[in-house]
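Enquirer: Following the hints, put chain V in place on chain L, whose structure we already have.
The chain contents come next:
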Amino acid sequence: DSGVTQTPKHLITATGQRVTLRCSPRSGDLSVYWYQQSLDQGLQFLIQYYNGEERAKGNILERFSAQQFPDLHSELNLSSLELGDSALYFCASSVENSYNEQFFGPGTRLTVL
Amino acid sequence: AQSVSQHNHHVILSEAASLELGCNYSYGGTVNLFWYVQYPGQHLQLLLKYFSGDPLVKGIKGFEAEFIKSKFSFNLRKPSVQWSDTAEYFCAVNAPDSSASKIIFGSGTRLSIRP
Chain L
125 DSGVTQTPKH LITATGQRVT LRCSPRSGDL SVYWYQQSLD QGLQFLIQYY NGEERAKGNI
185 LERFSAQQFP DLHSELNLSS LELGDSALYF CASSVENSYN EQFFGPGTRL TVL
Chain V
4 AQSVSQHNHH VILSEAASLE LGCNYSYGGT VNLFWYVQYP GQHLQLLLKY FSGDPLVKGI
64 KGFEAEFIKS KFSFNLRKPS VQWSDTAEYF CAVNAPDSSA SKIIFGSGTR LSIRP
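Protein chains in written order, with the numbering used here: chain L, 125 to 237; chain V, 4 to 118.
These aren't lab readings, by the way, just hints derived from the structure by calculation.
Keep in mind it's a predicted model, so treat the numbers as computed, not measured.
Hints may be right or wrong, so weigh each one.
[Stated by the list, open to error] No more than 30 Å apart at the CA atoms, straight line, and that leaves these computed lysine-lysine pairs for DSSO-like:
(1) LYS72(V) - LYS133(L)
(2) LYS181(L) - LYS133(L)
(3) LYS133(L) - LYS74(V)
(4) LYS52(V) - LYS181(L)
(5) LYS133(L) - LYS52(V)
(6) LYS72(V) - LYS181(L)
[Unchecked claim] Which stretches of chain V does chain L cover? Using the computed rule of at least three CB atoms under 8 Å from a CB of chain L, they are:
(7) 42–55
(8) 85–99
(9) 108–118
[Claimed, not checked] Here are some chain V residues the structure puts well away from chain L; computed CB gaps all over 12 Å:
(10) ALA19
(11) ASN35
(12) LYS105
Built from N, CA and C at the ideal position, the CB exists for glycine as well.
For reference, chain L alone in the conformation it holds in the complex (with noise of 0.2 Å):
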């Protein structure tokens, strides 16, 4: 257990529908790191937070957003979703504002029908 909790676990949706992914990170922990991993695109950075600011971009789609809040929980928006869409998304966390030492959660695997 890395300390890092990812809601849901699993989520199935339809084409054209908005969902909202969860991330908690390690107590202490500034920075959080969202990924998203699918069988043709491989492991994917999306974007990375901290302490509340937006810090890095990877490839994210427009359609995709994130916020961190105050208390250091993020959520990763997905809208207007399709099936290309369907994925294990990861969240890391880690206590600088670096790739250092990232910590992973289990994931929230996504399914796009």
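Expert: This is chain V only, laid out in the frame that chain L set:
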């Protein structure tokens, strides 16, 4: 732009065999390098990392990796694998001095160990 290549998609070994998984990156500046492991049904865990200093890095569970700057490589090694090493292994690179600092993962190498 940074990129990472893991040329071995699936490696099958017998227990006690030696392991070397290839990782090559493309970026001309300073890099931080990582190897992560994902055991079946589990989350990613950091195996080892290289930031600076000794290019031979030792990680957990008997793994090590060598950073060879001239070859842009960071291959993962283990002298004697065990059945419990069956997992997917990801190499990753980060360019800390880049204005668009982000982390790039390779496509992963699936390692299967025959008991």
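Enquirer: All hints, please: hold or fail.
Expert: Status of each hint after checking the structure:
no.: 1; hint: LYS72(V) - LYS133(L); in the structure: 40 Å, violated
no.: 2; hint: LYS181(L) - LYS133(L); in the structure: 24 Å, holds
no.: 3; hint: LYS133(L) - LYS74(V); in the structure: 41 Å, violated
no.: 4; hint: LYS52(V) - LYS181(L); in the structure: 22 Å, holds
no.: 5; hint: LYS133(L) - LYS52(V); in the structure: 29 Å, holds
no.: 6; hint: LYS72(V) - LYS181(L); in the structure: 27 Å, holds
no.: 7; hint: 42–55; in the structure: holds (count 7)
no.: 8; hint: 85–99; in the structure: holds (count 4)
no.: 9; hint: 108–118; in the structure: holds (count 4)
no.: 10; hint: ALA19; in the structure: 30 Å, holds
no.: 11; hint: ASN35; in the structure: 7 Å, violated
no.: 12; hint: LYS105; in the structure: 5 Å, violated
In summary, the numbered hints that this structure violates are 1, 3, 11 and 12.
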